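K.L.:
The task is simple: from the sequences and hints, build the whole structure.
Here are the chains, one letter per residue:
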Amino acid sequence: DAGVIQSPRHEVTEMGQEVTLRCKPISGHDYLFWYRQTMMRGLELLIYFNNNVPIDDSGMPEDRFSAKMPNASFSTLKIQPSEPRDSAVYFCASSRYSSNNEQFFGPGTRLTVL
Amino acid sequence: KQEVTQIPAALSVPEGENLVLNCSFTDSAIYNLQWFRQDPGKGLTSLLLIQSSQREQTSGRLNASLDKSSGRSTLYIAASQPGDSATYLCAVRQEETSGSRLTFGEGTQLTVNP
Numbered sequence: 001d002a003g004v005i006q007s008p009r010h011e012v013t014e015m016g017q018e019v020t021l022r023c024k025p026i027s028g029h030d031y032l033f034w035y036r037q038t039m040m041r042g043l044e045l046l047i048y049f050n051n052n053v054p055i056d057d058s059g060m061p062e063d064r065f066s067a068k069m070p071n072a073s074f075s076t077l078k079i080q081p082s083e084p085r086d087s088a089v090y091f092c093a094s095s096r097y098s099s100n101n102e103q104f105f106g107p108g109t110r111l112t113v114l
Numbered sequence: 001k002q003e004v005t006q007i008p009a010a011l012s013v014p015e016g017e018n019l020v021l022n023c024s025f026t027d028s029a030i031y032n033l034q035w036f037r038q039d040p041g042k043g044l045t046s047l048l049l050i051q052s053s054q055r056e057q058t059s060g061r062l063n064a065s066l067d068k069s070s071g072r073s074t075l076y077i078a079a080s081q082p083g084d085s086a087t088y089l090c091a092v093r094q095e096e097t098s099g100s101r102l103t104f105g106e107g108t109q110l111t112v113n114p
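Chains A and B supply the protein sequences, listed in that same order.
Heads up: the first sequence begins at 1 in the working numbering, then just goes up one per residue.
Heads up: the second sequence begins at 1 in the working numbering, then just goes up one per residue.
If you're looking for bench data, these hints aren't it; they were derived computationally from the structure.
All figures in this text were calculated on a predicted structure; none of them were measured in a lab.
Please note: incorrect hints may appear among the correct ones.
[What the hints assert, rightly or not] Straight-line distance between alpha carbons at most 27 angstroms, and here's what the computed BS3-like set of lysine-lysine pairs gives:
#1 A:K24 x A:K78
#2 A:K68 x A:K24
#3 A:K24 x B:K42
#4 B:K42 x A:K78
#5 A:K68 x A:K78
#6 B:K68 x B:K1
#7 B:K42 x A:K68
P.N.:
Next up, the structure:
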């Protein structure tokens with residue numbers, strides 16, 4: 001398996017623009033997670049899905065952030081409008097429901113909002 | 001609210017040395033604990049996962065222990081090599097009736113000098 005795939009790997013945009021990050025989880029995994037990593041706050045869980053249904057979005061910072069999972073093999077994280085403080089590395093991870101739920105991470109998308 | 005702390009924040013050692021990284025958590029009602037490695041500009045790689053019922057897990061030169069009652073885990077790296085240089089993160093999953101939320105520590109940045 002290719003692992004968790006994220007695109008783009010790098011994104012530079014201007015304040016106010018819409019940003020869409022994409023994730024393809026590992027085939028057969030039924031949990032999908034979106035995390036944000038910054039120097040100030042470390043790794044934070046934004047939202048996670050189980051069987052394409054959002055379970056916990058309490059980490060989503062504000063209404064400018066939204067996430068969807070239209071099917072088992074694809075998810076998006078959208079920021080509209082983007083702000084400079086959204087600059088961070090965004091990771092997607094997936095896991096299979098099992099006794100351990102080990103999470104596997106994608107390479108991340110480095111977002112810079114100017 | 002679960003809080004995870006890692007000590008030290010940074011560690012520099014000569015090649016060949018055995019070393020221990022520490023992780024502590026405030027809420028001992030965890031389901032499991034996972035150690036990750038993160039290389040600069042890269043995603044997270046899962047190293048070891050310990051279930052709450054286990055005391056330790058081993059993989060090659062790595063050994064992770066868990067003392068759930070005292071809220072502590074250690075990652076032992078034997079005969080360290082320059083290729084071990086990375087940031088090491090621990091994360092705990094709470095006992096929950098549903099969900100797979102991970103809470104991460106801030107990480108220990110390890111440098112192994114040749």
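K.L.:
So, for every hint listed, does it hold in this structure?
P.N.:
Hints versus structure:
In summary, the hint linking A:K24 to A:K78 is supported, as the alpha carbons are separated by about 15 angstroms, within the 27 angstroms threshold. Our distance criterion of 27 angstroms between C-alpha atoms is met by A:K68 and A:K24, whose separation comes to about 12 angstroms. For the given pair, A:K24 sits about 17 angstroms from B:K42 by alpha-carbon distance, which is consistent with the 27 angstroms threshold. The hinted pair formed by B:K42 and A:K78 meets the criterion: a straight-line CA distance of about 21 angstroms does not exceed 27 angstroms.
For the hint pairing A:K68 with A:K78, the CA-to-CA distance comes to about 8 angstroms; that is within 27 angstroms, so the pair holds. A distance of roughly 16 angstroms separates the Cα atoms of B:K68 and B:K1; the hinted pair therefore holds under the 27 angstroms criterion. Taken as a hint, the B:K42 and A:K68 pair is honoured in the structure, with Cα atoms around 24 angstroms apart against an allowance of 27 angstroms.
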